[in-house]
Every structure is written in structure tokens, then in C-alpha cells.
Amino acid sequence: IAGITQAPTSQILAAGRRMTLRCTQDMRHNAMYWYRQDLGLGLRLIHYSNTAGTTGKGEVPDGYSVSRANTDDFPLTLASAVPSQTSVYFCASRTNQRNTEAFFGQGTRLTVV
Amino acid sequence: AQSVTQLDSHVSVSEGTPVLLRCNYSSSYSPSLFWYVQHPNKGLQLLLKYTSAATLVKGINGFEAEFKKSETSFHLTKPSAHMSDAAEYFCVVSFLRTGANNLFFGTGTRLTVIP
Chain B
32 IAGITQAPTS
42 QILAAGRRMT
52 LRCTQDMRHN
62 AMYWYRQDLG
72 LGLRLIHYSN
82 TAGTTGKGEV
92 PDGYSVSRAN
102 TDDFPLTLAS
112 AVPSQTSVYF
122 CASRTNQRNT
132 EAFFGQGTRL
142 TVV
Chain D
1094 AQSVTQLDSH
1104 VSVSEGTPVL
1114 LRCNYSSSYS
1124 PSLFWYVQHP
1134 NKGLQLLLKY
1144 TSAATLVKGI
1154 NGFEAEFKKS
1164 ETSFHLTKPS
1174 AHMSDAAEYF
1184 CVVSFLRTGA
1194 NNLFFGTGTR
1204 LTVIP
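Chains as they are written, first to last, in the working numbering: chain B, 32 to 144; chain D, 1094 to 1208.
Among the hints, erroneous ones may be present.
Stated by the list, open to error - Straight-line Cα separation of at most 35 angstroms, DSBU-like style, residue types lysine-lysine; simulated pairs: (1) K88(B) <-> K1162(D); (2) K1161(D) <-> K1142(D); (3) K1151(D) <-> K1161(D); (4) K1142(D) <-> K88(B); (5) K88(B) <-> K1161(D).
To be verified - Stretch-level coverage of chain B by chain D, calculated; a stretch enters the list once three of its residues show a Cβ under 8 angstroms from a Cβ in chain D: (6) 70–78; (7) 106–113.
Claimed, not checked - Which chain D residues face chain B? A few, computed with CB under 8 angstroms, are given here: (8) T1144; (9) T1148; (10) L1149; (11) G1199.
Because the hints were derived from the structure by calculation, they are not lab data. Since the structure is predicted, the reported quantities are computational estimates derived from the model, not experimental observations. Glycine is no exception: its CB is placed at the ideal position from the N, C-alpha and C atoms.
Between the sequences and the hints, there should be enough to build the whole structure, so can you do that?
Structure follows, in C-alpha cells:
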């Protein structure tokens, strides 16, 4: 079934540890995004990628890094997790045309303790 | 500057009564507009989208929205609420300039449906 897959679905992480959230899509979409969702704040963009080999910073990039080695995968890395990074993380993809909707993964619930 | 505002953080309606979720946007460019729904512990699902064709857009599950340029609004409506409509709803705006960093989210409206 075509779509976008995130892993893990949830994780409890000790502060200071490194963590990579995985995201894979099979729709051959050029653009991919990482958002975090926090109560009352909606979804905030962390990083994005217009196409394989390029990435850009979103609204809240500090403490996060991404890579886009190929079209399908867009991992998000927390180099040294802090409690304020406790959140639900969503990966999304879409074509680069403005009229097209984004498709979302099911989310990763991350708790940093 | 581009932005999107959802005017109500929480809306509560009785089952069988109409639903109105409000969304206003600010943009210097022609927008595309989307409504997404998120059920508890789920990802976001597209309800409907406006892409400069008909101003009244019909979506899934009986929802519809009307684009009003003069009011810079894109309010979501449904004639009769069902219990299964209880969820979080997000208004999302995309602007004329292409590029992956042009999706703007509202802060969401939580819809409660009372039996």
C-alpha cells in the first residue's frame, strides 16, 4: 500500500542520548517535511527537503538535523535529546506543486526524560 | 507576511446540529487552502482542498468549505454533526511560490460532539 511510514511509533529516551526518527515514502514525492506537534501550538515545521540532496530549516530547527540521501527516506536526528523535545513528530511528503496536499505519517511519540 | 488563524481552539456541538470551524488567512499571494482532520493518536487526513477552481469545495464525510477572498476566509462546515466527527481540525495554507517551505498550519480546533 502506497504511503508514508514512520518508525518507531513511540519512544522513551534519556536526556543526552542520540536518536534518529525514520521516515520513508513510496510515492516518489520530491518534497518531505518534519513537523512537531505540541498542545496549543499546532504543527511546527522543523526541517524540510525540496528534493533529494537538499534540505532546509523550518520554524524550529535547533537541536535537530536531517539528511536526504535519496527520494524515499528523510531521517530526523536529535543529536543530544532534551526534555523540551518531548513531542509528537510527523513526517509528511508532497509534490512540489502548490495545489497538492501533503500526506502524513502516523507520527512518532517521543518522550525525553 | 503569510499566516493562518483558526479562530476557535475548541468548538462543542450537539450531535445532529451544524458544525462551523473558522479559518482566516493572510497572504500577499494566491493561496491554496486545505482542511485536515486528526483523530486521537492518529496522523492527519485530508478533508478537502481549494485550488482556485470552485469556491465551494466538498470534502469527505459531508464536510464542505467556502473560499471567500474578500473576507480572506475558508471556514469548514457540516450540516449535521456525528459522534465520529469528534477530532482535531487543522486549516493549512499554501501560497503561490513553489517550494517545500510554504505550508502554513493553523493551531487547530478541537471539535467535541455531545450525544
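List, from low to high, the hint numbers that the structure doesn't satisfy.
-> 7, 9, 10
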